[in-house]
Each structure stands twice: as C-alpha cells, then as structure tokens.
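Please dock the two separately framed chains into a single complex, following the hints provided.
Listed below are the residues making up each chain.
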Amino acid sequence: MLDVLEGPTETQFEFITFSAGNQSFCLEITQIREIRRWTPVTKLPHTPEDVLGVMNLRGAVIPIFDLSARFGLGKTVDNERNVVIVAAAGGTTVGLLVESVSEILSVNKSSIQETPDIKSEAARQAILGVISVGESMVRVVNLDAVLDTDGGMVA
Amino acid sequence: MSRNAIRDTFFEECEELLEALVEGLSAMEEDAGNMDVVNAVFRAVHSIKGGAGAFALGRLVSFAHTFETVMDKVRSQELMVDEALMRLFHRSGDQLADLVEAARDERDPNAEAEATILRELEAYLGEEEQGGDEDFSFDALSLDFGTSADSEQSPEYPETPPSALRQFDIRFKPSRALYANGHEPLLLFDALAELGTLTVQADLSFLPDFDAFDPNDAVLAWQLQLETAEPETVLHEIFEFVESLCELDMSVTEESDTPDFDMETVTETAVMKPPPATLVKSAKVASVMPGAGSDGPPSPRTAAASKEEPRGPRPTLRVDLERVDRLINTVGELIINQAMISQRIEELELPAVAHLTNELEAYKLLARDIQEGVMAIRAQPAKPLFQRMSRIVREASEATGKKARLVTVGDSTEVDKTVIERLADPLTHMVRNAVDHGLEKPEKRTEAGKDTIGTIRLSASHRSGSVFIEIADDGAGLNRARILEKAIEKGLVVPEAELSEAEIDNLLFLPGFSTASEVSNLSGRGVGMDVVKNAVAALGGRVSITSSPGAGTTFTIVLPLTLAVMDGFVISVADQTMVIPIASIIETIRPNRRDLHSIGTKGFVISVRGAYVPIVDVARNLGLAPGAQDPGNGVLLLVSTESQGLTALRVEAIHDQRQVVIKSLESNYGAIPGVSAATILGDGKIALILDPQELVKLQPAAPYFAAVTSPRMELRHA
Chain A
1 MLDVLEGPTE
11 TQFEFITFSA
21 GNQSFCLEIT
31 QIREIRRWTP
41 VTKLPHTPED
51 VLGVMNLRGA
61 VIPIFDLSAR
71 FGLGKTVDNE
81 RNVVIVAAAG
91 GTTVGLLVES
101 VSEILSVNKS
111 SIQETPDIKS
121 EAARQAILGV
131 ISVGESMVRV
141 VNLDAVLDTD
151 GGMVA
Chain B
1 MSRNAIRDTF
11 FEECEELLEA
21 LVEGLSAMEE
31 DAGNMDVVNA
41 VFRAVHSIKG
51 GAGAFALGRL
61 VSFAHTFETV
71 MDKVRSQELM
81 VDEALMRLFH
91 RSGDQLADLV
101 EAARDERDPN
111 AEAEATILRE
121 LEAYLGEEEQ
131 GGDEDFSFDA
141 LSLDFGTSAD
151 SEQSPEYPET
161 PPSALRQFDI
171 RFKPSRALYA
181 NGHEPLLLFD
191 ALAELGTLTV
201 QADLSFLPDF
211 DAFDPNDAVL
221 AWQLQLETAE
231 PETVLHEIFE
241 FVESLCELDM
251 SVTEESDTPD
261 FDMETVTETA
271 VMKPPPATLV
281 KSAKVASVMP
291 GAGSDGPPSP
301 RTAAASKEEP
311 RGPRPTLRVD
321 LERVDRLINT
331 VGELIINQAM
341 ISQRIEELEL
351 PAVAHLTNEL
361 EAYKLLARDI
371 QEGVMAIRAQ
381 PAKPLFQRMS
391 RIVREASEAT
401 GKKARLVTVG
411 DSTEVDKTVI
421 ERLADPLTHM
431 VRNAVDHGLE
441 KPEKRTEAGK
451 DTIGTIRLSA
461 SHRSGSVFIE
471 IADDGAGLNR
481 ARILEKAIEK
491 GLVVPEAELS
501 EAEIDNLLFL
511 PGFSTASEVS
521 NLSGRGVGMD
531 VVKNAVAALG
541 GRVSITSSPG
551 AGTTFTIVLP
561 LTLAVMDGFV
571 ISVADQTMVI
581 PIASIIETIR
591 PNRRDLHSIG
601 TKGFVISVRG
611 AYVPIVDVAR
621 NLGLAPGAQD
631 PGNGVLLLVS
641 TESQGLTALR
651 VEAIHDQRQV
661 VIKSLESNYG
671 AIPGVSAATI
681 LGDGKIALIL
691 DPQELVKLQP
701 AAPYFAAVTS
711 PRMELRHA
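Chain order of the listed sequences is A and B. Just so we're aligned, residue 1 is where the first sequence starts under UniProt numbering, counting upward by one. Just so we're aligned, residue 1 is where the second sequence starts under UniProt numbering, counting upward by one.
Chain B with its partners taken away, still in its complex shape (with noise of 0.2 Å):
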C-alpha cells in the first residue's frame, strides 16, 4: 500500500471518526453524565490525534490535543458540562472537522477561528496543560467509569495522592484475532514494564493436549501484576488497541491495606494470586506526571466495563466505487438482456409444452433480486447528511441569534450515494433557510407561547418507492400575503391574479424570489428555492411545500431510490422510440379539438380546465420534423416547466410505462439539448431519454407564435 493509500484511508476514517463526533456530541447534550458517550468522544478525537500524528499534520495534532485534553477533563469529572461548554466542544467539533478537511486538501485552514476556539478550550485548563503540543501527558488524568453509578465514591474520596503506589492485578487472555491483526503481547508487557514494577506469569492452563494443539490458535493467558503509581487510565490505554481482541480483566489493590470496596476483587484477586514470577520485568516507576487530576479510587466496574464494551460496529468492506458501479451496469446489461431473451423467445411462439415461461418468469425474478442487492451496496444511510445539517443548525441560528434544536428521525433510511452528495448543498441551503426564515426570534416564540428554542426536524423514510426528506420547522409558518406581495412586486404574477394557497407557496420556487426583506448575512446568498428545486429536479426528485399560519412549514423532498433506473413512459417522436420521466408528467391527456385553438399561423395552445397551456412539439423542438403537426392528432404530455409555467408536450404516441436503465450519452458523446441521458429498450435499441425543463427551452420564444422556424441549433453541446 502506498503512503497516499495510507493517508486516504485514515481521512476515510475521520470521515467516520468525526461521525461518531458529532453523533457522541449530540448524546453529551442529552446526557452529560454518560460516560460511555464521552469516551466515545473522547476515543473519537484520540485517534485523529493518533493518525495525524503519524501523518505529520502538526495543526491537527495539537488541536485535537487540546480538545482532546478538555474532554479528558470531563471524563475525569473535574469538569462539569454546562451549555457553554457543550456549545464549545461542538464547534470544536466543526472546527476538526475542517482541520481534518483543510489536512486532506492540504490548504490552509481558517487560523483565527482556530486560534479561538483553542483559546477558549485552553481556558478549561490548568496553567501546566497549555501548550503543549507535542506534550501527550493527559494521561495523569484518571478516568473513573464508576463514578456515575457509584456516587458515594468520588465526592468522599479525596484524591489519592499521585505518588501512592496501587498493585494492579490483570488478566490478559488475547484472542487468535489479537495475534491476527498483529499484535505482540510482548510489547504490551513492556509497555506495562515501563510504568513500574512488573511481574509476568503465563498460565498455561488453556494449552491443549499436544494432538489437539494448533499453532494458529490462542491458547496462552497471562497474569500480571503491576506496581504502579499511574492511575488505571493509562493501563488502559495501553490496551487500548487490544481491548476488543482480548480478555481482560484490571482490578486493583491500595499498597495500603484496602477498603473491602468489592469483595468479589479481592476475592477474586486471592484466588488468582499467581505463584511466583517466572518472567520478571522491572522498571522505574515513571516519574510523576504534572498535573494529575483526581486519582479517584478506581472501581472495580472499570472491569466490567471494558468486557462490556461493544464489539465494535458489524464487519464493513471498502469498496472502490468504481467497481459496484461497474457491477451496477453490468447488472443493468442483464435486466436488458433478460428482456431480449423474453421478447425473443415470445416471438418464437413456442407451444406450451416447452415450460419455459416459468423458466423464464425466474430468470427474470432472479435478475431483479440481483439487481436490487446491488443497488442496496450504493445505498447509504441518511445519517451522515443529517450530522452535516446539526453544524448547519447550530451555524445560523448563532447568525441570527434565534434558538435551534435539530431533531432527525429515521437517518437509517437508506438513500443512493450518489444522491446523498448531491442533496448535501440544496438541504443546507433549506435547513439555513429554516433557521433563518422559518423560525420566529426567541421573544416573538415566547409571546406566541411556544418554546424559545425552534426546533427543525429533519426526517427521511421510504415510501412506495420513492425516498422523503422532510425539513420541518415550528415556526411562523409561511406570510402568504408577504409571498404573495413580493411576487407581484417582482412582476412574478399579475396584481389580479387569484392564486390558491399552494400556488403562493409555490411561488418560492420562482427563480429570483427571495422573501427576505432584510437580507441577512446568512441566507441572502444570492441563492433561491429554485436553485433547490432544480438540484433536487436533476436527482429526478422533486420538492413541495406545506405550511400553516403559527404552526411551521414543512418541505417535502421525494426521490427516486436510485438514479439507475426510472419510471418512464415509452413514447414515440417523429417514428422515433423515446422515454420520458413519469415524475415530470403531471398527466397525459388526449385532446379535444374543441380544446384546441391556434395562435399564429402553427402555434396551438390547449385550454384545460380554463387555463390556456402552450403546446410544444416535442418532435420539432428536436429538431426531428419541419414543423408542429397537427395536435388534434397525438397525445399531449401535461408537464410543470420552470421556464414556462405549464406546458402541454405533443408526441405521437404514449406505447408503454416501464422501468428504465439509465445510460449517460455524456461519457462517450456529450450533452444534448432535450436529452438527459439513454437507455436500452428490450430489443437492444437506444432509446433517448427526454427532459422536459430543457425540451421547452429549446425555442426560448414563445412556442405558440409559430412565425419562428425550428431552432437552427449548431451546438453539439448545451
């Protein structure tokens, strides 16, 4: 493996590290006092230190250091969480998120927010801890797992003092694993050997009988026993590494005649008491370590808890993108040829005796299955985006000085990758758009009797197929009349317009409308709702929009659960066979000619329900025919465009509704104008997949003023 193999795979472990972050962090804020969640945390931050270290990333190192140090300082219990430190450790959070971010593109991160942040962590320290980078020496701070539970100890106990030699007794059992991942017990000893007086004792009782002996099994155990003035958090953290590929059990005895705290550890320790040392390793006690926190007696849950410690998340593999979707594609060649072989044995007209139908029926079952496990590879959980959007949260409503909680439900949900990234900017830009004008300043909320703090619930779930993202927030709800008053303002819809509630939310949607009356630092970035609306449009999704007055307005996101296939209708132009997205069709209808009137001398517009809709030929905006044919003849495809409100789309005929692969034409050809991607029809022909929103633009001039002759279109590329 190569360095740079090396180095982006510890970034992709902080990626995962700084998940279980922020996870660990919104925990903390639930529960301070859980110290499972802060050792989480504290692990977290630990490992980057570690992989930085060895990445020379000095300015990660010693930030993660000093945030490492603070955290210690809650898991010793000296200090107590209260809401400003808990906002400190989350922008600390962020503020590794970008060192690590800054060290993977090896560019300079922003030093002054570092710089306060690590004023402000450094704070939290005694005089000795600052500074000191390439200082490790946290360890003097002990970590007392018990101290939540068993309450009557740690406020009683004063402080052992730090140069009180304590006898540990440990049982160490490595697992086959521990030797596999390369490990040497040996190393551990000396480690151990370093921190004081060190007795080694091999019990031999688990070796088999010589004809049962493997030589790859794990059969030695050993019992030691330390003389150390080092509280247990530093024994622990030489096992560190181990600790989930061993049996290990720490309890520990006062040099001083000990209080009977737990008659199971001294009983225990009696009975294992080891014979005398066959392997005797002695050191030097280490000197002191300055500033050691509170050397609380170490209980004996300490033991039960590393046994207690979850294994680890399940086994994961790492895959190099390109191959599951080589893999993807090549499942999607069998789905099509799957359809061939049907169509063509169908053809055949086989008699009934040849049962090959039900052959084939589970040919088809099993392609779909595969074709579905192998999407389910791509799909990731929600829960990375939704972290992402607690920064967000956080982020603008200290800009805006409105109080915000995040609230996510169903970040399990599992969503393609590739949406994922793509959804990532339009849901930032809806989540800060919710903090800043969704909910309401704290005093407005108090006067409306709700809470001060505005929650933003952010949700995703499958349903039917599609995936739902929902951004809720508990605010004012929308200003309709506001909404409205802007629009006309902006000359977006005529003064007399009668518009339904919908339509007035809808009108977010409209490029260059912006609410806002003031613009805040925040969200008046020169970026819409439709900017949103279009990403989540390119994601064949699309977004909608409820609200009511005092209650909160809720965005809708609905997607296709993967971006290889699509509901499409089967279609012809011009003796063409061409697919157009379900989702863009709001319906199909078969005109009337009483519904049909001409403007200009080709221009036809088709009155449904009153409205007069435009009617595009789909064929001569392809440039595939001279003119617009007739309309009364065909089908007309009722689509909403973002160019020209409603539009009617006339194709010769709608053939079928099915399932689609999509191929991409950008690969080997390039973009053309009307056309988002290809796809293979049963008979192994490539038939074009049609987009609408470009379709229409095509003629930019009015469709229906039929004097213009069909766009001359010399570029090859939109």
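Isolated chain A, as found in the complex (with noise of 0.2 Å):
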C-alpha cells in the first residue's frame, strides 16, 4: 500500500508509471487503491487471453487482468518485479498485472498532451495522453476503458 501523499494542488496531478509489454504507462493516483506482490490467480473459464483469474482481494473478488495483454502488446511474462496494481473506479474494482512500477509523477495538466493521432481507434481510447518525461513517454491509462469488459479492447 502507498502512503497517502500529500494531495496536489489545483493543476498537478499525480500519476504512478509502470511498465508493460515494455512500454511505460501511467495511471492517475487516486484511481489506485493498492499495489501487490503477483500471487496465483484462479482461473476463469471462457475468458480472454488477457484475463488472468480472480484474486481474494480482502474478501472481495476482483479479476486480474494482463494488462499488456489488454493493450495487444502480449502476454506478461513472468518475472520476479511483476506486481499487480488494484485500481478501482465506478465501483468496480479490478487488479492489473504490470511488468513493474516505477515512481510518482507529479506533473500539471498543462504537461499532459493529447494523444497523438495514431489509427488504432481502440488504442486511442484506451489511452487519454500522453505525458513526456526527459526522453520517454509515458501513456495515461483510461481506466474505464481497462474495464470495461464488454468491449473487446485490442485485437
């Protein structure tokens, strides 16, 4: 779990980067209830390759989902720093199987750019901007696009 930071002011917003299907992603700290050490999933039948199971989350059960997978960038492979981030919004709570997580970003809003126009309309929604960070770009994740289990989101 994360300790609670101190909140941002009115333009910053803070973001948690972590890296998958080797591309680096971030998403927005409040959407983030907790971040777990990878442990065995059960699995579900009739699933996505990108739906890994469902984990006991404190009583609760929430699917883990690949989320390189999810983006179409393969399947995670298996490695000691995978970590599965518990994100939570609309009332649904789901886990997201990331490669590793690298730091807090605390940026304005003015620094979060628009997402270039590329053709993939599904990547397009399941990213909302990009920010730039010295040489790399880290992607924000649309959480609501992460879960939103009825859309196929990329082939």
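Treat the hints as calculated values from the structure; they're not laboratory data. Misleading hints may appear alongside valid ones.
Using 30 Å as the maximum straight-line C-alpha spacing, the simulated DSS-like pairs for lysine-lysine come out as follows [claimed, not checked]:
#1 LYS685/B <-> LYS43/A
#2 LYS441/B <-> LYS486/B
#3 LYS685/B <-> LYS697/B
#4 LYS490/B <-> LYS444/B
#5 LYS450/B <-> LYS403/B
#6 LYS441/B <-> LYS490/B
#7 LYS43/A <-> LYS486/B
#8 LYS75/A <-> LYS685/B
#9 LYS403/B <-> LYS441/B
Remember, predicted model here, so these are calculated numbers, not experimental data.
Next comes the structure, spelled out in structure tokens:
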C-alpha cells in the first residue's frame, strides 16, 4: 500500500508510472487502491487471454487483467518484479498485472498532451493522453476503457 | 433529513400500515364485531391519509378519506359489515395499496378501478359525507367502544341530540416520552379548548422535593374539564398521537342528570373534582358538524380501553440494507479468516501444551455465532409475502368465479429478505394456479361433497436448516391422465413411456407445458411452472409436487436459510478446486467400467439402474481441458437439468463437503457461463461455484457426440 501523499494542488496531478509490454504507462494515483505482489490467481473458464483470473482481495473477488495482453502487447512474462496494481473506478475494482512499477510522477495539467493521432481507434480509447518525461513518453491509461469488460479492447 | 428521505420514510411506513390494514381486514372477516380490529383498520387508513396529506398526494388523501369515512360508520355501528361490504373493504385496501405504490413511483394509478370502488364506497355514505375531499369532518361520527360489550346501551339509548352539552373529565399525565417526542401539552389543551369550554387544573402532587427534582422528568399532570357538544371520538383524536405516551383517563357526565350507568366513574369524578380553575380557556362551542351520527352515550369503558391499548410493537430500528450487507460480508471474511488461521496453526504442528486448540475452537464458535446473528438481521417474517397472496387469491377467485379462502400457517417464519423479494413472483403464480387450476368450480365441489369455498393453504416452516414453503389446495388433485396426454401431444415424452406418478407430476415443470385446456385470462400468460422452478432454483432451492386425486395438490418449495452461504462439495476439475452446490446433486457415482458405454468417438453414457445418462465432462465444458477425459477414472455427479434431464457431471475428485460463503463474480467482473459465483477457501484462494444447469448447456449439442470439439466461447458475458 502506498502512503497517502499530499494532495495535489489544483493543476497538479499525480501518477504512478509502470511498465507493461515494454511500454511506459501511468495511472492517476487516486484510481489506485494498492499495489500487491503477484500471487497465483484462480483461472476463469471461457475468458479471453488477457483475463488471468480472480483474486481474493480482503474478501472481495476481483478480476486480474494482464494489462500488456489487454493492450495487445503480448502476455506479460513471468518475472520477480511483476506486480498487481489494484485500481478502482465507478464501483468496480480490478487488478492489473504489470511488469514493474517505476515512480510517482507529479505533473501539471498542461504537461499532459493529447494522444497523438494514431490509427488504432481502440488504442486511442485506452490512452487518455501522454506525458513526456525526459526522453521517454508515458501513456496515461484510461481506466474506464480497461474496465469495460464488454468491449474487446484491442486485437 | 431531506424531504426525499422523509418521503421515503412515509412510504416505508405506508407499507407497514398497509400490512396492518390487510391483517386487520382478515381479522374482521373472522369477527366483524371486534372493535379493536375495526379501530386498527381505521387507524391504518387514517395514518396513511394523514401522511399523504403532508405530501400533497391528493388522490391518495381523497380515496383514503372516503374509505376511512365508511370505516368510521362501521366503527360507530351505523353500518353492519356483511359479506359484500367486507369484499369492498378488501378491494378498497388493495386499491389503497395501488394508490400508495403509484404515488411512490410517481405514476398515474388506475383511475377506473379507483372510481368504481369510490362509487361503491360512497353508496354506503349518506348524502352529506359525499364528495368532501377537503372535508375531514367525519369526526362527528362517534366512536363507541362499549357497545359490543355493553349491549344494553346502544339499542336502548336514542341518539343524543348533537347539541347536547356534555362534560368530560380528563385526567392527563404525560410521560417523559411525550416530551421527548416533541409533543406539547399546551397545544393539546388549545385543541380541546376549541371544542368547547375548557377548564385546566395543573396537578402538582407528583412534584418531588427540590433535591430530587429532575428537570427532564415529567412530573406534571393535569385535570381538565371540557364542556362540549362533540362526541368522545373527537377528544380521542386530539390525543391520538400521545395516547401511548401518557396516562389518560376520560369520563363523561351528561349536562343533565346523568343516569348512574357507572358508579365508579361518577365517584371518581366526584372525588377528583378539581378545585377552581387556575387556567381557563374558553372558546365557542364548535358548530355542529353535518351528518352527526349516533351519539350513543360514551361508555365508561372508553377510558379503560385507552389504557388497554397495546404499547405498540416492539421497538425496531430501520437500517440501510447496504450496511447490513457490508456487515455480512465482513463476517464472511471473519469466517474465512478463522478457517485460515486454523489451517495455519495445524500446519505448525505445535505441541499440545499450547492449548491453542481449545481457544481456536472457541473462536470458531464465536465466529459462527456472530455470523448467525448477522444473518438473522436479514431474515424477515414471511408474513408480508403471505399477506400479499390474500389479494391474489381474492382476485383469482373473482376472475374465475370460484370461491376460495387463504389460510396461512407459520407466517412468522423468518426468511432471508432477498428470498422473500424474489419469491413474490413465483408464489403469486403458484397461488393463482392453485385457484385457477387446483380448485374446482363451486358446483363441482358441492357434487364432491366439499365445502363450496376452496381453501388455499400457505405455510412456512423451518426444517433442518431449510425453509419449507407449501402451497396446498383442497381441489381435485392433478389429472395425471390429462397431463400425460398433454405431454405426449407436445412431444415432451414418447407415447410408450411408462412414467411413475411422481414423474408425471414433474412434467408440469417442463418448459412449454401448460395444462389449462381453456386459456383463462388468469393463468394463460405464457408463464409456466418451469419459470417458477427456475426462479426457485436461482435461489438455491427446489420445488416438488404431491397430489392425491380428489384431495388436492401441494407444492413444496425448499429454500436455503440464507443466500450468503451454501453447502457444497469441494471438487477438483482440471487441477482447479471448485465447488458444486450439494442441493443440485442427486447422487455421486464412482463409475464401474461395465456401466460406461461410449457413443461416437469420445462421448460416453453411463447406465444408472437401466437408464442411459449422458456424461458431461466439466473440465471440457469449461474449456479447461481440450477433450473429454476418461470417465472411468473420476467421479460422476448425477444432476437433473432442465435442458437435458438427468446428466452425469464428470469431475476428477470430491475432496470435502463444506459450507461456503458465496461471493458474487458479477460485481467486479461479469457473468461467466457455467459459473454462478465464487467462494474463498480456507487457504484464501478463490474457488468457483459451478452452476450445473448452465454448465451442461455450454455444449448445447448432445454432449455424447464427440465430433463436436470443445465449444468456442467468445462471450465474456453469458
């Protein structure tokens, strides 16, 4: 569990950056409930590849998605550093398996840029915007799109 | 509290009042002369009217008003309750319920039915009382509690002329609760003063010494004398909301020489004759209300009656259901946690000296106690559910021209709230069926030597950890020949099938089966018993039928006590631990190779006492294994399914039988075909709870034709 940090000022947003499928992503800190080490999950039948199964989070049954696979970046390779980010939005709680968590990013709203015009509609929906950090680009994950279990995310 | 919250409270209260109303009406049917019952009904209607007035629900108010006015005539014994009036009251009660519901949902109620009932109600009223929507002046009708007992009084005494002044002596001692509830005696006195000449005398005799004085205590009492032309009812109405919160004695002396109809009262009056008034409030005698009814001389019993008034129901607490559910969830956690701790400690293999086992056992018991206690919060008596059925019986018998009465047994049996809610529809259907199909027409009943009025018996009971609900009619019983004929006609069974009586009875539960040869406007709604069965099954229960010709049919619904836990077999399927509800399993079979027969290349059937039962490989249907496993090694669970009858589910092994806490998968993910929910095992891992009904459907093509490869399910949502 992360310590609660000082609330961001009006224009400041805090993100937790992580990597999935060798790409750098981030989620707004308010959407994240906790970060856990990977533990084996209970598989669900008849589910797509990116649904790893369900996990017991203090009595609640939460689904665990492989974020990399969900973004169509291939299955996450087993690794010691793999963690599950427990995120919640709109009453739904899910776990997202990512390769590793990097840091907390504090940025002004103005430094979040619009997603460049890319061809994939699905990818555009899944990414709210991008933040450039030094040399690299961090993608802001649209949690709602990830949680939307109805729509196939990406092929 | 916001206005909406108050409004919600009003409708919650309305529900309770309507319940009391229905209950009262049923009691009236037994004994219309019982004034306590009549009063209870009156109060219920009156309270609904009062509340509705506060929310400006005009239609509700005016309907309740008319209803109440007629009720009041019964109360004053101006109207005798006969069968027709009783029926009208029932219908009025139903209509009132409809109006409340309509007001709650903010939609327009059925105006036609309302108008019909209103007209009929008004027919019982004199000219004056009609059409007075805003006119709440039913007050003038008197309430005479005594007449039923003191029968010598009411017939003999002519109506007291409305203008006759009478003197009421009222002793009023508020309790602490009266003040706590925000009532103000002065306002009551003001209201009394408006009725006539009021003399108020404070009685300070209860004042303690200054040292012992508790400013919060209610120590004052008052002696009031009121000279008024109003009947006693009006006075009682003023005290209506405080009667249970104070000591109230009311006695009356006629202005003229009163006959000594009650020595006691007179003596009392004399003794307690107050000293000259210290506080005098007077007002003009209120003008005589129109349509004053019979002012039978109020009997001294009135005072006694108000004392005998039950103190009201036991105090209850309204709690947001969500809070209860959260608590239940947490307690479920506690149980799991306890199981985990036990398991861990066992693994430690501590020396016996630690005495840990005793403590652990105590912990386990405590946890179970807490769980049971919390579950009990959700439990509710079946009464409201059963009461709703009385309306169904009434409507159904009216629609079919049959006569039926509903007898309920064990309506205090407590059942989980969700069960009650979800049982309403199936039960409605079954009760309707019982009247429509179960009971015979009155003529036929007479021929058979039965009472022309059929009886529908609805009973609830707890037996061995389950809730039993029975719907029994005393009709003709199932016409098995007709059922079989129909089933053959519909292609549900082959003509040459030899079926046992029970098997024939169970044909009723097959989808697409409806026996009524003539589609009545009642039951022919395309809802069959299969829907009932599914609804009950969804609650983890089952339905069965017994019937004997000429004596009637009984449907029995067996439900688990709670929806939060379930008895299940812990099984393994493709190396995963899963749980299957025990309720769904008929028997478990360790197959003998001799009984296994293959059909196609990979399909198997097993012969169970001569019948060939298809084998469904659970792992394969769940998509966890590529093809069917050898059914010879493994365990078969015999289940009865709606889609394909008896089916044997093949799993690898059964490990344990235990109670599991049910966790929804849908709240965070969504439905998964073949899986009804999940649970958390002692090791903290999640196990899926299988749904046999859906599981076998996963491969709709006959499972024993192996050419079909494992189904490609692309759906994530069933």
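Each hint, compared with the structure:
1. Of the supplied pair hints, the one linking LYS685/B and LYS43/A holds, its CA atoms being roughly 11 Å apart against a limit of 30 Å.
2. Distance hint between LYS441/B and LYS486/B is fulfilled; the C-alpha atoms sit about 22 Å from each other, no more than 30 Å.
3. A threshold of 30 Å between alpha carbons decides the hint, and for LYS685/B with LYS697/B the separation of about 27 Å falls inside it, so the pair holds.
4. For a cut-off of 30 Å, the pair hint linking LYS490/B to LYS444/B stands: about 29 Å separates their Cα positions.
5. Restraint check for LYS450/B and LYS403/B: the C-alpha separation of about 12 Å stays at or below 30 Å, so the hint holds.
6. At roughly 27 Å between alpha-carbon atoms, LYS441/B and LYS490/B fall within 30 Å of each other, so this suggested pair holds.
7. For the suggested pair LYS43/A and LYS486/B, the alpha carbons sit about 46 Å apart, so the restraint of at most 30 Å is broken.
8. For the suggested pair LYS75/A and LYS685/B, the alpha carbons sit about 23 Å apart, so the restraint of at most 30 Å is met.
9. The suggested pairing of LYS403/B with LYS441/B holds, with an alpha-carbon distance near 8 Å, which does not exceed 30 Å.
Going through the hint list in order, the structure does not satisfy hint 7, though it satisfies all others.
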